[in-house]
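Student: One line per chain: the protein sequences are A and B, in this order.
Start counting the first sequence at 1; every next residue gets the next number (my numbering).
Start counting the second sequence at 1001; every next residue gets the next number (my numbering).
These are computed hints drawn from the structure, not numbers from a lab.
Ideal Cβ placement from N, Cα and C applies to all residues, glycine included.
Treat the hints loosely; a few may be bogus.
Label pairs and their in silico Cβ distance ranges [as the list claims (entries may be wrong)]:
# : chain 1 : residue 1 : chain 2 : residue 2 : range
1 : A       : T411      : B       : G1024     : 57 to 63 Å
2 : B       : P1269     : A       : T411      : 30 to 36 Å
3 : B       : M1248     : A       : E117      : 55 to 61 Å
4 : A       : A510      : B       : P1145     : 20 to 26 Å
5 : B       : E1252     : A       : E109      : 21 to 27 Å
6 : A       : D119      : B       : K1112     : 38 to 44 Å
7 : A       : V124      : B       : A1108     : 55 to 61 Å
8 : B       : S1148     : A       : E109      : 37 to 43 Å
9 : A       : E117      : B       : A1222     : 28 to 34 Å
Computed, partial: chain A to chain B, Cβ under 10 Å [said to hold, decoys possible]:
#  : residue
10 : N200
11 : Q221
12 : W497
13 : I523
Within a straight-line C-alpha distance of at most 25 Å, the following computed SDA-like cross-link-like pairs (lysine to any residue) qualify [stated by the list, open to error]:
#  : chain 1 : residue 1 : chain 2 : residue 2
14 : A       : K509      : B       : W1226
15 : B       : K1155     : A       : T545
16 : A       : K159      : A       : G115
17 : B       : K1521     : A       : P394
18 : A       : K521      : B       : G1478
19 : B       : K1521     : A       : E128
20 : A       : K193      : B       : K1509
21 : A       : K112      : B       : K1509
22 : B       : K1301     : B       : Q1255
23 : B       : K1164     : A       : S550
24 : B       : K1521     : A       : R105
25 : B       : K1112     : A       : V133
26 : A       : K301      : A       : M320
27 : B       : K1193     : B       : Q1223
28 : A       : K449      : A       : A391
29 : B       : K1272     : A       : D532
30 : B       : K1272     : A       : I525
31 : B       : K1272     : B       : N1258
32 : B       : K1272     : B       : G1478
33 : A       : K112      : B       : E1117
34 : A       : K509      : B       : R1450
35 : B       : K1193     : A       : A527
36 : A       : K301      : A       : A198
37 : A       : K159      : B       : E1413
38 : A       : K155      : A       : D169
39 : B       : K1112     : A       : P394
40 : A       : K301      : B       : H1548
Protein chains: 2
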Amino acid sequence: MANPKNILFVMFDQLRWDYLSCYGHEHLHTPNIDRLASMGVRFNRAYIQSPICGSSRMSTYTGRYVHSHGATGNGVPLKVGEMTMGDHLRAAGMGCWLVGKTHMRADAEGMKRLGLEPDSLIGVRVAECGFDVFERDDGMLPEGPDGSYDPDGAKEYNKHLKAKGYESDNPWHDFANSGLDEDGNVLSGWFLKNSAFAANIDEPDSETPYLTGRGMDFIKQAQDPWCCHLSYIKPHWPYIVPEPYASMFGPEHIQPVNRSDAERQHAHPVFKAFMDTRVGQSFSRQEVRDAVIPAYMGLIKQSDDQMGRLFDWLEETGRMQDTMIVLTSDHGDFLGDHWMGEKTFFQDASTKVPLIIYDPSPEADATRGSVCDALVECIDLAPTFVDVAGADVPDHILEGESLLPILRGQTTETHRDFVMCEYDYSASPIADRLGVSVEDANIYMVATKRWKLIHCLGGYRPMLFDLENDPKELVDLGDSADHEDVISQMFDHLRNWATRNSQRQTMSKAQMTALRRGSDKGIVIGAYEEGDMSERATVKYRNRTAPHWSKRHGNPAGSKS
Amino acid sequence: MANPKNILFVMFDQLRWDYLSCYGHEHLHTPNIDRLASMGVRFNRAYIQSPICGSSRMSTYTGRYVHSHGATGNGVPLKVGEMTMGDHLRAAGMGCWLVGKTHMRADAEGMKRLGLEPDSLIGVRVAECGFDVFERDDGMLPEGPDGSYDPDGAKEYNKHLKAKGYESDNPWHDFANSGLDEDGNVLSGWFLKNSAFAANIDEPDSETPYLTGRGMDFIKQAQDPWCCHLSYIKPHWPYIVPEPYASMFGPEHIQPVNRSDAERQHAHPVFKAFMDTRVGQSFSRQEVRDAVIPAYMGLIKQSDDQMGRLFDWLEETGRMQDTMIVLTSDHGDFLGDHWMGEKTFFQDASTKVPLIIYDPSPEADATRGSVCDALVECIDLAPTFVDVAGADVPDHILEGESLLPILRGQTTETHRDFVMCEYDYSASPIADRLGVSVEDANIYMVATKRWKLIHCLGGYRPMLFDLENDPKELVDLGDSADHEDVISQMFDHLRNWATRNSQRQTMSKAQMTALRRGSDKGIVIGAYEEGDMSERATVKYRNRTAPHWSKRHGNPAGSKS
């Protein structure tokens, strides 16, 4: 099998699965991404492991469920010791580089406890979730009355803008993330109303073209083999895009909102609390959708154009022949569906992502342009990459599975019967409003191809959707007596998953199996006499002799002998 | 509250809960341990977290369930990054020292990955599960045809024996762990038949008196405050004890075996596979019990005498006034009950341990000599010790709870409704015999005061015992239609436990709660316009101004302006 030499791992942020024409969007034409789909496999049921940037990404990077790695929210550091795709790939002889966003927060306390110097090679890798950093730009550098949100982060792009003459102490905010009124007042892209304005920046200088160029800069100088995580900041909010994309879409291009009065009126109390947040209320207003969604579509259209630029360049430079290209997102965006904004809940708009994988190997020719209906999780990417790098997948650490057999047409399904997604809202004001403790502020989603169960800890009834008969997820069957058996079965899935052995990371499954043979090193359990042992095992016992203790040389005082 | 200055944390190995007179043994009088019970609180429902040395101890030392720390078996290293009582106690200003056994296996691979030098202070602590080592003796240094079991371990006691004139390349084996026939042939204590012989060693030189002396050596030189883990190797097998203890007990002193023909005939298939092991079959023979149990009782009687020596010395030196004493075991021993030998299953003989805590503080006067019926787990010890050291218990890391409120008479119960115990037999030949995969070779025990459920992964029916009406655990109700509701409720407990947030170790619960207030640092989610924000939050946005991008200085070539 001729594996690709390199991996270009493109991630967009908050790119909803159905906002690409290859996934069915009617008005948003994304011919370049569609072209990638025609060259590879488009996955139709790819789920992220948490509907929030940081936790979803930590699952992608570690190849492990949130319940396993513990970085349950954007502010929660990934603990020292968790291995990531970078660790596995470097061990397999493939570099692993970052260009863009990770949302990683380092476990500074843990690093200090173990004496890891932040500026050492190991320290930097631990702090950057295993990547070697070509450029990190986590985006979003606003400030408020309490000061700058992230004084140390996201410096590179700001430096770039300053060098290009964008004069401001924070050009990222004042130009890339803002519009402008006639008096030169910043119309912050952080306010949804201002999404209708064009961003105050020359389009080639905006975030997505900038990072595309940086990705190309990396590839130009990279030594083979490499994995490059080209990780875009957009189309994540602030929802504001420069011309010509700002004028490209209008309210007439917005897909109908997916919601019903019934789902709000009979909402599960936890789901209702999420609907009742400011962002849920905002996106329930048509004027907000009319302002935001055209800008969101513009950001995606711009992203697609940049993919065209990138793919053309890869063709020209020969990299298209030796590089696997993976394109995905860290989660979706409700955009008013289900009376919700943002993500942080479990309908497909939030938890399902686009996933397209192009494998240049001849073995993958048979699947080009195909659509795969398998249940896929974002934790499958790390094992896929390790597989591409030619190493054995460490299945005691990585909880996903390699997708290479699907890409090579050897199978059409993964081994799993259900996908998992989790959200920890213990740090959210929603938990206060519901009166839910830190321990109980966890939600689990279990989804088969047919059913989706959402289980909120703390004694709530579950939610249940019939994905076959109600693909829009508008009818919550969680209190339906007719579905008790289904609910019970979904809870069994949850329990089986939750009791998995996820922390035995120091011994492989093969090592555990090998131990079943036992050893002949003298630990003899349950043998009454020598005859109970094999001849070989006992020979040393029989041959040993010793004097009686009282006959020993130098019998000390105080001995009873 | 006047907390004790020091903690003497005594652990015996494989000391079954009911083999002490204070716990009801009829023929085995342990007046010294009983005296400790009369001075403190004796816990009647103390459960270990895994019925195997290493995993049980790693739970005790980390204060976390096996499902959380992942060291699921004796050979499975505790992964780098897991904090232990040593880390927590030193942070609270209390030293944490080892004298004796831990069964720790270091995560050498993880240490290498993080660049931790094995001989650095941090490296040694990581490798010794957080203890500073005064002396480590893990016991059991036999050899077989494949060589020595543990060429690097357990050296100190062997050195000691050699210095005392016990001439052999392995005096631990030839003297302490063996009897002798007339020709000077070693009668290995590893063979159960030889348990009837006296060990070939002067009693004061045997393991338990030796370690008692080493514990006293530690205390003599220790700086306050300290926690000393005095961790005995016995009465764990090899079951062989020197005179006078070897002759102290005979078959007439053995308690009746606790088993029934019915439990073997209708045994759950996994339980049956455990019964069918060599050790289960051996201990089902009366001659084995007759040879082994008197020696086991002798080892315990010797241990009790050593406790008398130790406690008297603590009185004389004044340490009894400022030192908390904790006495427990890492698991029990079936000794033929339930047709089983060893531990590794879930009846009380294996999973319940003696736990006695003496707190010298005046606040504890009210509970002296009392028996506590609370559901206690061995993971409660680490938080208890942190509490004694005067620090806040880090409840995002330690999963148990401090027992100080019980010791001080403020409550009689812990907060839990059930205890948990786990066993991973994926490295055992039993898994091969059952044809169980590494993923499915896990067993969970959930026990309330009334019921005990045993759940074997892999599609087996559960086992269920009614602890109130069948305290001997002889009637398995796991397939009883009358108990479906109870079983369902116990499975709910298991699911709730398994879905707990056990890996979010980098953020405390208080930190998560504090984040609910949000911040005013410029991340504005879901606000349509400035009016949606507080006056304070928006002031910086309003005051900012910027020029149009095309007006900037140094407009570069290629710009569309």
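Student: Is the straight-line distance between the alpha-carbon of K112(A) and that of K1509(B) 25 Å or less?
Tutor: holds (21 Å)
Student: Between S1148(B) and E109(A), is the Cβ distance one that fits in 37 to 43 Å?
Tutor: With Cβ atoms ~40 Å apart, the hint holds.
Student: Check whether the Cα positions of K1272(B) and N1258(B) lie no farther apart than 25 Å.
Tutor: holds (16 Å)
Student: Verify the proposed pairing of K1155(B) with T545(A), using a straight-line Cα cut of 25 Å.
Tutor: holds (21 Å)
Student: Taking the least C-beta to C-beta distance, is Q221(A) closer than 10 Å to chain B?
Tutor: This interface hint is violated because 23 Å lies over the 10 Å limit.
Student: Assuming the hint says 28 to 34 Å, is it satisfied by the Cβ distance from E117(A) to A1222(B) or not?
Tutor: holds (33 Å)
Student: Regarding the pair K159(A) and E1413(B), is the alpha-carbon distance no greater than 25 Å?
Tutor: Judged against 25 Å, a Cα distance of about 60 Å means the pair is violated.
Student: K1193(B) and Q1223(B) were given as a pair; does the straight-line alpha-carbon distance stay at or below 25 Å?
Tutor: violated (46 Å)
Student: With the threshold set at 25 Å, check whether the alpha-carbon distance from K509(A) to R1450(B) stays at or below it.
Tutor: Status violated; Cα separation ~36 Å.
Student: Within 57 to 63 Å or not, the Cβ separation of T411(A) and G1024(B)?
Tutor: Holds - the Cβ-Cβ distance for T411(A) and G1024(B), about 60 Å, lies within 57 to 63 Å.
Student: Compare the distance between the alpha carbons of K1521(B) and R105(A) with 25 Å, and conclude whether the hinted pair is satisfied.
Tutor: Within the cut-off at roughly 17 Å; holds.
Student: Hint check: K1164(B) vs S550(A), CA-CA at most 25 Å. Holds or violated?
Tutor: OK: K1164(B) and S550(A) at ~11 Å, within 25 Å.
The structure does not agree with the numbered hints 5, 6, 7, 11, 14, 16, 17, 18, 20, 27, 28, 34 and 37 stated previously, though it agrees with the rest.
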